[in-house]
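Hey, can you work out the whole structure from these sequences and the hints?
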Amino acid sequence: MNIEEHLLLWNYASIKVLDVRHRVMRIGDTLQPYKLPTSVLIVITRGTAQVHLDQTNYHVIQFQMIHSGKGAALEINQITNELECYLIFYKGSVPYPVGQRILQLFEKRNAFQIQFSLVPKYPVTIYEKVQLMYESWQQSRWLERLQVKTLFYQIILSIYQELCSQESYVKETDLVSQIKRYVDEHYADSIKLESLAEHLNYSVSHISAVFKRETNYSFIEYVMHTRMKKAVALLKSTNVSLKDIATSVGYTDVHYFNRIFKRHLGISPGKYRKRVMEQGILEDTPQIIMESSIEGEMFQRYIVNDNHYQYKKGENIPMSQKHKTNFAAIVLLCLTLLLGACSNGTNPQSKTQGQTTEVTQATIVYKAANREVEIPKNPKRIVVVADSYAGYLLALGIKPIGMSDFALSNPYFEGKIDGIESIGDNKSIEKILELKPDLIIAFDGMEGFENFEKIAPTVGIKYGAMSYREQLVEFGKMLNREKEAAQWINNWDEKIADNKSTIQEVVGDQTVSLMGGTDKEVYIYGDHYSRGGEIIYGEFQLNAPALVQKEALESKEWGVAFSIERLLDYAGDFIFVEDTALAFLKESILWNELPAVKNNKVTILDSDASYFNDPVSLEKQLDIVVEAFNKMDKNK
Numbered sequence: 001m002n003i004e005e006h007l008l009l010w011n012y013a014s015i016k017v018l019d020v021r022h023r024v025m026r027i028g029d030t031l032q033p034y035k036l037p038t039s040v041l042i043v044i045t046r047g048t049a050q051v052h053l054d055q056t057n058y059h060v061i062q063f064q065m066i067h068s069g070k071g072a073a074l075e076i077n078q079i080t081n082e083l084e085c086y087l088i089f090y091k092g093s094v095p096y097p098v099g100q101r102i103l104q105l106f107e108k109r110n111a112f113q114i115q116f117s118l119v120p121k122y123p124v125t126i127y128e129k130v131q132l133m134y135e136s137w138q139q140s141r142w143l144e145r146l147q148v149k150t151l152f153y154q155i156i157l158s159i160y161q162e163l164c165s166q167e168s169y170v171k172e173t174d175l176v177s178q179i180k181r182y183v184d185e186h187y188a189d190s191i192k193l194e195s196l197a198e199h200l201n202y203s204v205s206h207i208s209a210v211f212k213r214e215t216n217y218s219f220i221e222y223v224m225h226t227r228m229k230k231a232v233a234l235l236k237s238t239n240v241s242l243k244d245i246a247t248s249v250g251y252t253d254v255h256y257f258n259r260i261f262k263r264h265l266g267i268s269p270g271k272y273r274k275r276v277m278e279q280g281i282l283e284d285t286p287q288i289i290m291e292s293s294i295e296g297e298m299f300q301r302y303i304v305n306d307n308h309y310q311y312k313k314g315e316n317i318p319m320s321q322k323h324k325t326n327f328a329a330i331v332l333l334c335l336t337l338l339l340g341a342c343s344n345g346t347n348p349q350s351k352t353q354g355q356t357t358e359v360t361q362a363t364i365v366y367k368a369a370n371r372e373v374e375i376p377k378n379p380k381r382i383v384v385v386a387d388s389y390a391g392y393l394l395a396l397g398i399k400p401i402g403m404s405d406f407a408l409s410n411p412y413f414e415g416k417i418d419g420i421e422s423i424g425d426n427k428s429i430e431k432i433l434e435l436k437p438d439l440i441i442a443f444d445g446m447e448g449f450e451n452f453e454k455i456a457p458t459v460g461i462k463y464g465a466m467s468y469r470e471q472l473v474e475f476g477k478m479l480n481r482e483k484e485a486a487q488w489i490n491n492w493d494e495k496i497a498d499n500k501s502t503i504q505e506v507v508g509d510q511t512v513s514l515m516g517g518t519d520k521e522v523y524i525y526g527d528h529y530s531r532g533g534e535i536i537y538g539e540f541q542l543n544a545p546a547l548v549q550k551e552a553l554e555s556k557e558w559g560v561a562f563s564i565e566r567l568l569d570y571a572g573d574f575i576f577v578e579d580t581a582l583a584f585l586k587e588s589i590l591w592n593e594l595p596a597v598k599n600n601k602v603t604i605l606d607s608d609a610s611y612f613n614d615p616v617s618l619e620k621q622l623d624i625v626v627e628a629f630n631k632m633d634k635n636k
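For what it's worth, the UniProt record's numbering labels the leading residue of the sequence shown as 1, then goes sequentially.
Check the hints yourself; a few may be wrong.
[Claimed, not checked] Below, computed lysine-lysine pairings styled on DSSO-like, alpha-carbon distance capped at 27 angstroms:
hint : residue 1 : residue 2
1    : Lys230    : Lys262
2    : Lys620    : Lys399
3    : Lys91     : Lys212
4    : Lys500    : Lys483
5    : Lys229    : Lys192
6    : Lys462    : Lys477
[As the list claims (entries may be wrong)] Derived DEER-like restraints, expressed as beta-carbon distance ranges:
hint : residue 1 : residue 2 : range
7    : Tyr34     : Lys431    : 18 to 28 angstroms
8    : Gln510    : Glu372    : 47 to 57 angstroms
9    : Arg213    : Ala233    : 45 to 55 angstroms
10   : Arg275    : Lys634    : 47 to 57 angstroms
11   : Leu590    : Ser467    : 26 to 36 angstroms
12   : Asp569    : Pro95     : 23 to 33 angstroms
13   : Glu421    : Tyr34     : 54 to 64 angstroms
14   : Ile496    : Gly397    : 53 to 63 angstroms
15   : Ser467    : Arg21     : 46 to 56 angstroms
Just so you know, the hints here were simulated from the structure itself, not pulled from any lab data. Please read all numbers here as calculations on a predicted model, not as lab measurements. Don't be surprised by glycine CBs; every beta carbon is placed ideally from N, CA and C.
Printed below as a string of structure tokens:
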């Protein structure tokens, strides 16, 4: 905790004491989980107990003080000695106008939301002030209310003096716990980030930024993770129909649920249940890929691809028996390959040829996201297990020998993938071994990464760390195709230049929105997660509605969920919308009131076709975007 920053905020803050309560709890009493309506300071005057605030537990003793922010869940139990405490509820805010530095500090280091605990060295003075504060609060005159506020400031001053002089337990990630708990309680509902922001009394941009900063994942990604985790649990332990499971985790359209589930786990829910039944482990409760939490490694086994519902496509079902089978298969195949190599080595001529191949195969050391990797200078047999990057290789004139079914299904790859073998959406280790790759392209940290490394040099790429231009250049360096990468970028720049001024003339100062979603919720997309965003906002530099600019583009979120009631605020003069969200949008009377709808300036996107943002896909998306604007221009 940066005490100087907090003191600065307290000096600028407007403070309002909302309530002062006194409570005595006897042995055996409990306080059930209670969601704090405001910031609170808890002062223990005597007794011992367990105090729980979200994921943090305190064994409190006499004179201990605990501070927490709005929205935290307070619970008290295990009272071993009669407990007496005071609870001071207050609201802190920064009044306007105020300097930009103070506003930014309030957003990033909200002193009124922080959770910490300490036992002061000089508790009696603070205790006397708290007691007087409570007595004054019982009076209704303004004089006593002013005294309450004065005493509160004195208590806060004493606390920070203590914090400056001793090491106290401080926990600043409380907001993340609140967000997680909110999702855990509302995952079956249509969760909107703005509703959460209102609930926690924060801006949408602040919640998005904090959650992303603390977890490296977006709010929507956590929502999807939670829903899939619940669905897996129901599939394992019940015979409930898929339709009912879909509804119970927030999807009214079972077909859409099937699609999302498969993109998460690489297998349909029906097949998942069948495999579990075949293994006969319904009562075994094996660990699933989504079992860990953000505090540990919740998403370690996920790879966030370029939209909100695909963490890592094609995950194997991680049941204990399945793991053993796969491991045995890996060992068996590795031994087979090794024995084959040894067998060849008994022939002098074969040995000489093998040695020649080894000597002439030049290598380079490439600095990947995971570590430095020695890879072939001119790899010939590349397997791509990171679906989002297959199109980069195709753009460089490289045809991988293996890709997933999902990557192979990209309609924009037609004519470029003939002869490429499927490794399945579960990234079959057996199939990859069979293909004998000399290089594997993977997401950094993805499940099975260690196994890939045992087969061939494996380059791990951190998704989204680079723009598509930077990533293409990086692939050029990695694969000795720098000239091809530069040529693609030059050609791309020419295409953009040929169309940019025309499109800007068509759109002018008007705004453009990219929408998508499901049958019950809608999202707005930014400029770096496909669906034409890289082109519309990035290359053509067209304007977005003010809220989209703030919440999606400036925050660098892949997208933001919003309530249908605010459709007018997020809708631009031109709208590109995914087909999966169109039916839901049309249910609202607001849809037909949008200027874009009235003026025939709506373009419907195929959600599968607009999913990728690799160079090959972007070329096709450019054609679609240009054609759409020209068509909408004629509809004037």
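We went through each hint and held it up to the structure:
1. Lys230 to Lys262: holds (15 angstroms)
2. Lys620 to Lys399: holds (19 angstroms)
3. Lys91 to Lys212: holds (26 angstroms)
4. Lys500 to Lys483: Measuring from Cα to Cα gives roughly 25 angstroms; hence the hint holds.
5. Lys229 to Lys192: holds (19 angstroms)
6. Lys462 to Lys477: Cα-Cα ~16 angstroms, so holds.
7. Tyr34 to Lys431: 18 to 28 angstroms: Given about 54 angstroms between the Cβ atoms, the range is violated.
8. Gln510 to Glu372: 47 to 57 angstroms: holds (49 angstroms)
9. Arg213 to Ala233: 45 to 55 angstroms: For Ala233 against Arg213, whose Cβ atoms are near 29 angstroms apart, the range 45 to 55 angstroms is violated.
10. Arg275 to Lys634: 47 to 57 angstroms: The hint (47 to 57 angstroms, Cβ to Cβ) holds, given that Arg275 and Lys634 are roughly 53 angstroms apart.
11. Leu590 to Ser467: 26 to 36 angstroms: 35 angstroms Cβ-Cβ, so the 26 to 36 angstroms window holds.
12. Asp569 to Pro95: 23 to 33 angstroms: The hinted range 23 to 33 angstroms holds for Asp569 and Pro95, with Cβ atoms some 26 angstroms apart.
13. Glu421 to Tyr34: 54 to 64 angstroms: Given about 58 angstroms between the Cβ atoms, the range holds.
14. Ile496 to Gly397: 53 to 63 angstroms: About 21 angstroms separates the Cβ atoms of Ile496 and Gly397, which means 53 to 63 angstroms is violated.
15. Ser467 to Arg21: 46 to 56 angstroms: holds (53 angstroms)
Violated hints, in rising order: 7, 9, 14; the structure is consistent with all others.
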